[in-house]
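Each chain, written out:
Number of protein chains: 4
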Amino acid sequence: MIEQMQRTDLAVELQEDLSDKEILAGVHVSTQVNEDNDIKETKILIDSPEGAESFGKPMGTYITIESEELRLGDEEYHEPMSQVLYKHLVNMIGGATKILVAGLGNRAVTPDALGPYVVDNLYITRHLIREELLDNVYDISAIAPGVMAQTGVETQELLRAVVHETKPDLLIVIDALAAMNSDRLNKTIQLSDSGIAPGSGVGNHRKAITEESMGVKVIAIGVPTVISVPAIIEDAMDMMLEAFGRNGMREAIEEFTDEERYELASEMVKPYLARMYVTPKNIDEAMKRISYTISEAINHLHHSYI
Amino acid sequence: MIEQMQRTDLAVELQEDLSDKEILAGVHVSTQVNEDNDIKETKILIDSPEGAESFGKPMGTYITIESEELRLGDEEYHEPMSQVLYKHLVNMIGGATKILVAGLGNRAVTPDALGPYVVDNLYITRHLIREELLDNVYDISAIAPGVMAQTGVETQELLRAVVHETKPDLLIVIDALAAMNSDRLNKTIQLSDSGIAPGSGVGNHRKAITEESMGVKVIAIGVPTVISVPAIIEDAMDMMLEAFGRNGMREAIEEFTDEERYELASEMVKPYLARMYVTPKNIDEAMKRISYTISEAINHLHHSYI
Amino acid sequence: MIEQMQRTDLAVELQEDLSDKEILAGVHVSTQVNEDNDIKETKILIDSPEGAESFGKPMGTYITIESEELRLGDEEYHEPMSQVLYKHLVNMIGGATKILVAGLGNRAVTPDALGPYVVDNLYITRHLIREELLDNVYDISAIAPGVMAQTGVETQELLRAVVHETKPDLLIVIDALAAMNSDRLNKTIQLSDSGIAPGSGVGNHRKAITEESMGVKVIAIGVPTVISVPAIIEDAMDMMLEAFGRNGMREAIEEFTDEERYELASEMVKPYLARMYVTPKNIDEAMKRISYTISEAINHLHHSYI
Amino acid sequence: MIEQMQRTDLAVELQEDLSDKEILAGVHVSTQVNEDNDIKETKILIDSPEGAESFGKPMGTYITIESEELRLGDEEYHEPMSQVLYKHLVNMIGGATKILVAGLGNRAVTPDALGPYVVDNLYITRHLIREELLDNVYDISAIAPGVMAQTGVETQELLRAVVHETKPDLLIVIDALAAMNSDRLNKTIQLSDSGIAPGSGVGNHRKAITEESMGVKVIAIGVPTVISVPAIIEDAMDMMLEAFGRNGMREAIEEFTDEERYELASEMVKPYLARMYVTPKNIDEAMKRISYTISEAINHLHHSYI
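Protein chains in written order, with numbering that gives the first Met the number 0: chain A, 0 to 305; chain B, 0 to 305; chain C, 0 to 305; chain D, 0 to 305.
In case anyone wonders, no lab produced these hints; they're calculated from the structure.
None of these values were measured; they are calculated from a predicted model.
Among these hints, one or two may not hold up.
Pulled a few chain C residues facing chain B out of the computed Cβ check, cut under 8 Å [unchecked claim]: (1) Met275; (2) Pro279; (3) Ile282.
Now the stretches of chain D that chain C is said to cover, found in silico as 3 or more residues with beta-carbon under 8 Å [to be verified]: (4) 114-125; (5) 146-153; (6) 156-169.
The calculated lysine-lysine pairs, modelled on PhoX-like cross-linking and capped at a C-alpha distance of 20 Å, are [to be verified]: (7) D:Lys216 x D:Lys206; (8) A:Lys97 x A:Lys216; (9) D:Lys216 x D:Lys86; (10) B:Lys206 x A:Lys166; (11) C:Lys42 x C:Lys97; (12) B:Lys216 x B:Lys86; (13) D:Lys216 x C:Lys206; (14) A:Lys206 x B:Lys166; (15) B:Lys42 x B:Lys86; (16) A:Lys86 x A:Lys97; (17) D:Lys216 x B:Lys287; (18) C:Lys166 x D:Lys206; (19) A:Lys287 x C:Lys287; (20) B:Lys166 x B:Lys97; (21) A:Lys206 x A:Lys216; (22) C:Lys42 x C:Lys86; (23) C:Lys86 x C:Lys97; (24) C:Lys97 x C:Lys216.
The beta-carbon is built from N, C-alpha and C at its ideal position, and this holds for glycine as well.
Hey, can you work out the whole structure from these sequences and the hints?
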């Protein structure tokens, strides 16, 4: 759900903000690039409260899968991405077999429709298992709860109610994210076991969807589909300073931290612009392709059941 | 949700099956036609268990609003229908002010999309009231829970969970219905305070959505959008007998009750045909118009709040 | 476009009506079943005006691909069907390289949305070739012209205009069809090189889409997604006669030709029922799967270009 | 169609760029505010080639209707806007009675779906008139031609073909526009009789849709639903200069013309950002409301026919 936009929802972008030598206690980063298919996987493990505090994300594992090709739209490219996502997903799921998938977001706003689109293509089995028409498969149920403007109910409330009633072992939430770097739009998938825990931002009415609030383990799968307006402004700011600044101002700004620069950009933005987002013109094709990549990874679980 | 199809979901059609002189104890019928706008209102009150048993519907009030014009699609015709529905709705709602509206059915199958389409056009206020942006209006929330093939979860389970979490005073369920008489398709609205209580039909996995199962009062608004295949066959049976029967067979069949005739027709239908429905070719236009008529009636509640 | 429904749009069903020994001059039938994947292919070649007259279809080649599995919905089953369709398609296309695909039908009515859904998933290249961003691929353009109730314009007029303006070598039209036998719904693909030539039925306002009317070769790809109400009645008639008829009537009817029986059934059906269709409740899943099977077959053309 | 974005598509924004005293020969502006409903109407008449050159828009009449309320979403507010639009539309239509409405844009990308949504709600009569089921009404046909990425065909080509085949007196094109000022998004309707004539921008492959290219009079109805990224940057530039600039740079920039400032902002924007747009998060609600306002205005024509 694209509601209150963070500077970035991607752990990998926070990590890039760190200077090369900077090492945060409790934050462990490893990267691998598969030469064959040009897929880059970054794993960020935050294993202490200090790490969470300094890094700016809750404790947990954040896996980012990136592929230039996913964005370019090669017809057959979704398969390797889907396989890599599946591999990490199986690993995170562990022994859970009763899985509720929640496709967050607004089906009627293209870049926010990722979650509902994924749910549309899932192979649902819970009712078939209960009617004894199937066995030896994962027990998959799914819901696309809509957004608060459509339902009047917070997503967290709805999911808590459904989890309480249907008692899955695990909740997978699929959501559209905001990135800072437009290079990552629609080509990056982030998988994490820390749920969705929106920052403490003023005006944030969407509450956390985490193991703590839900009572079951929560895995989040997200794809950046939009950039916030302040991130765009921040991006332009550098170029403006490059272009004009010769006289102290530029140096002053360069001493700012990334967070301070984002706040500066946010202040430059008129209030209504904070309720806007930036998205590519061909977002419809991107959403179709990426949602299919994710739903295929989840559907592939049925092949692995023992 | 068009799942297990009854002979008819309309109380008014059951009532028509009765012969003129037949009077059922505990079943009270009154009819009124508004000459101005050609809208016919039929009220059937079932006020004893015996009435429910003999009539074949749970105790409660069933109001049917019919209009030739609604079906014909006059551009401005939705207004009188909407007004009449609103009038009965306000009456049934009584003092309830916190209302959850559930749009049942499958958005991806046109004649089953009535509920989701109504929800799409509601004016939702629950979140605005909670954020203190609005007051002195009905507290409206809404959900389109999808169907079991999409979610793996029974509609009843999902609604019970949401009712338990959000604690409305009243649940309004909107659903597509089956009629026997194709004259009624897409031109009749049925309103009842007995919830949705599918018959005891074998294989019916959709459990009742009633005050008893939900814990709050339930009002059902339904529109017949399909006919079941057996009802079509039954219809044709009369004409076949008319055409061919000169020899005892016809008389034998004419002694059957309506229920027996429907069962006979059902047996004639191959099993897979029972999972099919009959619907008009212009069902898309009908659904748009009727869902708008209903959503306008519900939205009009906000004008009546004291 | 499901407008004026024929008894059947499938050549293979007309062929089945023939008694075993019946041989029509100018009609050549061959059948093959692939044991590996259980796909049955029937090729009907009508090569003389007499054959067309007696068979009831225009001269040309009609290939029917049937698979039990396609209907059952095995997740991976679309691939063999798609391959078989592709094989026949390449063959029929011959040397044509500039192809306009027209997805007929009404996107807003689920069983009529086959054509628009196929178009949604095609890999379109015409504009990329013209901008010199691509070469050595088929030049594919596509249109979903909607139905007359939405546009006010006959499909034939719209297509003729677009063909005249964009000058393709070949027009492929995708359309939802009516079958008589519900066993064939959503599991059969018919490919023909005779275009779409609706019968001479009274009231048929959709004119032919053929090489003659379009000025370019026309290939039609169709899938039966509905049954007409009279076909259902005709189906039930046998069972009724079986059940009741012991006295001459049954024998009388058995002497009727299939065409006469259909007309009898049509007369039994009240007029408004002729504007209705019969379709399965899970038509949404079927449409998604089948449209994907067809779009993949067309997209696969790009791999075969020399 | 949101393809190549201009600085602004709104004549009223170009007019605001002019300083107060600036008077352009051949450009006539009049404004009126209706106190009752707070609707502001601005009429810009460009009646000489010099006016067109200096103003930056083709010769013709541009009427802008603005309403704060349309954006705020008051449930009943569409009516006065619809009435005002209808009034100007009747006037521009003159004696034309055979009207083709083209809903441009991509139905699958929310802020670009204005045109298709309007077409969905039109009362189409052309086929009914031809079948002699209706007379004494405007002859309305409509098409939503899709975008080039979906069809491979330029919108201009498709429309020219349909106009040539169906021979209307008048073409009305409905399109989503780009504005500079986010205050205008989704609350402004621009009506003009000069068609759609995209600027001479490099890379603009959408050709003009004008009386000259179509052979019939063209009326364009547009609503700004997006802002281009450079316009956002330009907006922020002022605030940055305000914040930092004390030293000549600010003064230098302030001497730039608006056009120069936009180009400066465009250069600051990385190339891929030029293919992005900025749109509000609740764009789905806005599109539903505004498309209804426009379709009602067009449908109202049927009431005025003599």
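Do the hints match the structure? See the list:
At a threshold of 8 Å, the smallest CB-CB gap from Met275 of chain C to chain B is about 5 Å, leaving the interface hint in force. Interface hint status for Pro279 of chain C: upheld, as the beta-carbon distance to the closest one in chain B is roughly 5 Å, under 8 Å. Hint on Ile282 of chain C holds. Least Cβ distance to chain B is approximately 6 Å, under the 8 Å limit. Proximity of the segment 114-125 of chain D to chain C, defined as three or more residues with a beta carbon under 8 Å from a beta carbon of that chain, is established by the 5 residues found.
With 7 residues having a beta carbon nearer than 8 Å to a beta carbon of chain C, the segment 146-153 of chain D meets the requirement of three or more and the stated coverage holds. Using a Cβ-Cβ cut-off of 8 Å, 8 residues of the segment 156-169 of chain D lie near chain C, which meets the minimum of three, so the contact claim holds. Among the hinted pairs, Lys216 of chain D with Lys206 of chain D is consistent with the structure: their alpha-carbon atoms are about 16 Å apart, no more than 20 Å. Distance check on the hinted pair: Lys97 of chain A and Lys216 of chain A sit about 11 Å apart at the alpha-carbon level, within 20 Å; holds.
This hinted pair checks out: Lys216 of chain D and Lys86 of chain D have alpha carbons roughly 18 Å apart, not beyond 20 Å. For the proposed pair Lys206 of chain B and Lys166 of chain A, the alpha carbon gap of about 19 Å is at most 20 Å, so the pair holds. With a C-alpha separation of about 26 Å, the suggested pair Lys42 of chain C and Lys97 of chain C falls outside the 20 Å cut-off, and the hint is violated. With a CA separation close to 18 Å, the supplied pair Lys216 of chain B and Lys86 of chain B stays within the 20 Å bound.
For the suggested pair Lys216 of chain D and Lys206 of chain C, the alpha carbons sit about 30 Å apart, so the restraint of at most 20 Å is broken. Distance restraint check for Lys206 of chain A and Lys166 of chain B: the Cα-Cα separation of roughly 19 Å lies within the 20 Å cut-off, and the hinted pair is therefore satisfied. Distance hint between Lys42 of chain B and Lys86 of chain B is fulfilled; the C-alpha atoms sit about 13 Å from each other, no more than 20 Å. For the suggested pair Lys86 of chain A and Lys97 of chain A, the alpha carbons sit about 18 Å apart, so the restraint of at most 20 Å is met.
Taking the CA atoms of Lys216 of chain D and Lys287 of chain B, the gap is near 32 Å; set against the 20 Å cutoff, the hint is violated. In summary, the hint linking Lys166 of chain C to Lys206 of chain D is supported, as the alpha carbons are separated by about 19 Å, within the 20 Å threshold. At roughly 13 Å between alpha-carbon atoms, Lys287 of chain A and Lys287 of chain C fall within 20 Å of each other, so this suggested pair holds. Distance hint between Lys166 of chain B and Lys97 of chain B is fulfilled; the C-alpha atoms sit about 8 Å from each other, no more than 20 Å.
At roughly 16 Å between alpha-carbon atoms, Lys206 of chain A and Lys216 of chain A fall within 20 Å of each other, so this suggested pair holds. At most 20 Å may separate the alpha-carbon atoms for a hinted pair to count; Lys42 of chain C and Lys86 of chain C meet this at roughly 13 Å. The suggested pairing of Lys86 of chain C with Lys97 of chain C holds, with an alpha-carbon distance near 18 Å, which does not exceed 20 Å. For the hint pairing Lys97 of chain C with Lys216 of chain C, the CA-to-CA distance comes to about 11 Å; that is within 20 Å, so the pair holds.
Hints 11, 13, 17, counting from the list given before, are not met by this structure.
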